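In order, the protein sequence lines correspond to chains A and B.
Just so you know, the first sequence maps onto residues 1 to 301 in our numbering.
Just so you know, the second sequence maps onto residues 1 to 373 in our numbering.
If you're looking for bench data, these hints aren't it; they were derived computationally from the structure.
Misleading hints may appear alongside valid ones.
[Unchecked claim] On the chain A side, residues computed to face chain B include the following (Cβ under 7 angstroms):
1) Ala-124
2) Thr-128
3) Arg-188
4) Ala-271
This structure is a prediction, so every number in the text was calculated from the model and none was measured.
We put the CB at the ideal spot given by N, CA and C, even for glycine.
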Amino acid sequence: MEQFFQQLTNGLAVGGIYALIALGYTMVYGVLKLINFAHGDLFTYGGYLGLTLLTSFLLQDRMGVMAGIGILTVMVMGLVGVMGVVLERAAYRPLREAPRLSAVVSALGASIFLQNALMLIYGAQFQTYPEGLLPQTAVSLGGIQIPLIRILVVLASIVMMAALYLFVQKTKIGTAVRAAAIDQGAARLMGIDVNKVVSLVFLIGPALGGSAGLLVGLYYGRVDFTMGWVYGMKAFTAAILGGIGNIPGAMVGGLLLGVIEALGAAYLSIAWKDAFAFCVLILILIVRPTGLLGERVAEKV
Amino acid sequence: MKKMMGLALALGLSATGTARAADTIKIGLMAPMTGSWASEGQEMKKNVELLAQEQNAKGGVNGKKIEVIVEDDGGDPRTASLAAQRLSTKGIAAVIGTYGSAVTEATQNIYNENEIVQVANGSTAVRLTEKGLKYFFRTCPRDDEQGKVGANTVAKIGAKRIALLHDSSAYSKGLADEINGILKAKHANVVFFDALTPKEQDYSAILTKLKAASPDVVFFTGYYPEAGLLLKQKKQMGWNVPFIGGDAINNPDLVKIAGKEAAAGFEFLSPPVPADLDTPEAKAYLAAYKKAYGGAPASIYGVLAGDGFRVVVKAIQETKSTKAADIRNYLVNNLKDFPGYTGKISFNQKGDRVGELYRVYKVDKAGNFVMQK
Numbered sequence: 001m002e003q004f005f006q007q008l009t010n011g012l013a014v015g016g017i018y019a020l021i022a023l024g025y026t027m028v029y030g031v032l033k034l035i036n037f038a039h040g041d042l043f044t045y046g047g048y049l050g051l052t053l054l055t056s057f058l059l060q061d062r063m064g065v066m067a068g069i070g071i072l073t074v075m076v077m078g079l080v081g082v083m084g085v086v087l088e089r090a091a092y093r094p095l096r097e098a099p100r101l102s103a104v105v106s107a108l109g110a111s112i113f114l115q116n117a118l119m120l121i122y123g124a125q126f127q128t129y130p131e132g133l134l135p136q137t138a139v140s141l142g143g144i145q146i147p148l149i150r151i152l153v154v155l156a157s158i159v160m161m162a163a164l165y166l167f168v169q170k171t172k173i174g175t176a177v178r179a180a181a182i183d184q185g186a187a188r189l190m191g192i193d194v195n196k197v198v199s200l201v202f203l204i205g206p207a208l209g210g211s212a213g214l215l216v217g218l219y220y221g222r223v224d225f226t227m228g229w230v231y232g233m234k235a236f237t238a239a240i241l242g243g244i245g246n247i248p249g250a251m252v253g254g255l256l257l258g259v260i261e262a263l264g265a266a267y268l269s270i271a272w273k274d275a276f277a278f279c280v281l282i283l284i285l286i287v288r289p290t291g292l293l294g295e296r297v298a299e300k301v
Numbered sequence: 001m002k003k004m005m006g007l008a009l010a011l012g013l014s015a016t017g018t019a020r021a022a023d024t025i026k027i028g029l030m031a032p033m034t035g036s037w038a039s040e041g042q043e044m045k046k047n048v049e050l051l052a053q054e055q056n057a058k059g060g061v062n063g064k065k066i067e068v069i070v071e072d073d074g075g076d077p078r079t080a081s082l083a084a085q086r087l088s089t090k091g092i093a094a095v096i097g098t099y100g101s102a103v104t105e106a107t108q109n110i111y112n113e114n115e116i117v118q119v120a121n122g123s124t125a126v127r128l129t130e131k132g133l134k135y136f137f138r139t140c141p142r143d144d145e146q147g148k149v150g151a152n153t154v155a156k157i158g159a160k161r162i163a164l165l166h167d168s169s170a171y172s173k174g175l176a177d178e179i180n181g182i183l184k185a186k187h188a189n190v191v192f193f194d195a196l197t198p199k200e201q202d203y204s205a206i207l208t209k210l211k212a213a214s215p216d217v218v219f220f221t222g223y224y225p226e227a228g229l230l231l232k233q234k235k236q237m238g239w240n241v242p243f244i245g246g247d248a249i250n251n252p253d254l255v256k257i258a259g260k261e262a263a264a265g266f267e268f269l270s271p272p273v274p275a276d277l278d279t280p281e282a283k284a285y286l287a288a289y290k291k292a293y294g295g296a297p298a299s300i301y302g303v304l305a306g307d308g309f310r311v312v313v314k315a316i317q318e319t320k321s322t323k324a325a326d327i328r329n330y331l332v333n334n335l336k337d338f339p340g341y342t343g344k345i346s347f348n349q350k351g352d353r354v355g356e357l358y359r360v361y362k363v364d365k366a367g368n369f370v371m372q373k
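Pulled out of the complex, with its shape left as it was, chain B reads as follows:
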């Protein structure tokens, strides 16, 4: 008897649960709210929540309000797989995120098996979309594209001896390998190729070894916390060699760590930030963002998360469905040149964003990131 009652209770609860779920359309956001990339996660949350509010003010999607459910992935693959499992049980229509490639990789299969569309925003490692997962998309470009731009930038400087430094992460190693491959094919002289350990504070041993290889330029493909320390300690050593970075450098915290003087002149590749885009959509969004948070979006990845959110909402709106198969079908076949805040968005069959996105940025003396023409 007790069992029967329990069963009835469970049935009743699940019935009310689904009834409530039908009132809103839930969209998940998986982001590094803690850990060393916490500032990226906060930005992602700001963008997605602002867009959800705007959409709800316009009456939501198909007559339903949007509810954003945030899960913290801690910038760590293990935490992320737990976050993905939790999100998968919450009846979400799609998930936005996350930032790091290795972190995304830990969650891809979980979402795919649960038939949930995932739109990553900062995960640029090539192999993420080479696996043939049906429901995986990303609004950021891929590292092979970045590799090409990177190799061109190195060639433009006229560097003869090139050093490549990565941090062994899926993204960083992948990008370093891409650049290395392109440079080798051009018979360029790569004099140094090795990895540092992220989250350390003293990189003087590595810088000394780099210096001994006497490169004309050092390309560091890791993230901004380490890049900031490298620049700072390079300056302390009194070593003047140009450093170039990949798109994971694009965060104003870089200047905070390195100091303005040490960061000045540093160049990196990145998709353009909204402030550098002149489309009417981007301008309107900048104004709305400024009104809500009192400043421009600091990081491009938060904006890319916002773009991911917008294409998902668009797909739900157009197909009048929250089924993963319908969303996927729409994104791959029907979405063409969607006016995103980071430029036009279309996806290919693999789920990759189509089109050239990368620009070269330079840190000026005041610590601002200036797009190079």
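Only chain A is shown next, with the shape it has when bound in the complex:
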């Protein structure tokens, strides 16, 4: 039983990161019906930018750890968000009216470009965050050990997801995003600037993905330029699992996927950990193609 709960917390921590990345996939898909394959690489940029900012400005020495990391998070989210906006302008907007396949190819191209640019700038070796940035203590809770950092990771991801949910559901701009997701033409008729909405989506999604990259860097301490691929695939799976296009679905899907992996590793075989994630994906696609929470598909007549 103790192992079960320990694995549950392990899974939730990884799942929190999957969920943060999955939000980017799901938002872009919701509005543009496009899978942004470069999203995983924007996540990687979050990890690398965090490291560069941290070491070049010595944030952790100049101010307390927590304040330093707070500022770092804001900077990384801002920068990766801007990258997302630029990416949309350069790679997707010119193809908005083109057949959907063109945009998919463009997304793959952007992914390869971003990954190679990162390799050329930083070199092919993995990079490591400075040692001892966050306290390495663990909280003992009835026999299960939860590292303090992990609680932080889960809390940070939940806070960001909740903020996003409230933003989309409760604000005027959020309503515009939802309207554009249902029908762009009708939204335009109602006076919504769809291009601005798309830019906003490409600001928020990558910013959240970038923050996930930073969390990975801070937590695991090691980033490499190819890591966006595996995380991207998992997050994409999580988005489909929850119902792509659906924001709470991405959160549920991410957390669930992390837990499935951890429990699968614990009770079946650890060597097959990745296979469970994709088995679940196939199962979902067969049994419930719209995902667990389903996507709100507008009926177009």
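Let chain A serve as the given structure and place chain B on it in line with the hints.
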């Protein structure tokens, strides 16, 4: 007519091509210059290029300069087979490399069919030399030898319950199987035997499962990027169990990933690094390396690549030939106790290095690798 001219042009080009090739002796280096083992590849390149420069400064080999041609194998079998095919067409006399066993395995037949001597430097999987390939050699020892030393180390600690963890790669699985076999024959209690997925970042699920098996010691036979994360996350969990590693751990990046505190006390098996050897050749080389790159060689595999380069040059020098058959014949029958930087080098008929090489290393509090007596 056009065809004829094209043919003439092609003939002319190939003639000048071979004429130029005759000026130098080309030696290939296949190394992971990119990918997760990139730091090993960079080290291999540094060593081989330094040695080639030294040799050229002495007048080269048989009056010809040596030219090193580097191909990146990306630490990946598919990229490696392409690299091997490219190298095979470049008129090389021999090839040094590469690091990972699975990567080497993907290229062995290509070189063998093209009759090019290959001297691997980090590929320790047993089956690589059991295939009876004529032109394959390696300067690193084999995993069955490492398995014996590993099993002894576990016995020395006095561990009753032993966990074995590998990463499913040719090297890692092979070594884990070797150790498992020896321990089973001794009726030791192996409580855990499973694989992790390399290149992931979260190993807490695996560590939790390991912990539930309550081993006295965990032997991880994989590579340093994963080992570093395992040590770090084990510390974060607040779990204190001794970890032991195989020779793929021997890279200073391990400490960078794990952090000094988490890495302290970790033990692993490895051939000795040059800094721990007291032969005059090794000392002279250390000085030369320091002069060129401003520090000691970080990894043993770069040095083993250098030793591979030196035995090939020696063979070409002695036989006055760059034919694979002559080089092989010399390495197997005539090379005895060659003073390598990693110890004395001789090869058996299979192409394996003869002699005991493994030592036990321990990471100290400052993050240095200290050889245990």
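Going down the list of hints, with the structure as the test:
Restraint check, Ala-124/A versus chain B: the minimum CB separation of about 4 angstroms is within 7 angstroms; hint holds. The beta carbon of Thr-128/A comes within 5 angstroms of a beta carbon in chain B, closer than 7 angstroms, and the hint placing it at the interface holds. Residue-level restraint check for Arg-188/A is violated (minimum Cβ-Cβ distance to chain B is 43 angstroms; threshold 7 angstroms). Interface hint status for Ala-271/A: upheld, as the beta-carbon distance to the closest one in chain B is roughly 4 angstroms, under 7 angstroms.
Comparing the model with each numbered hint stated earlier shows that hint 3 is the single one that does not hold.
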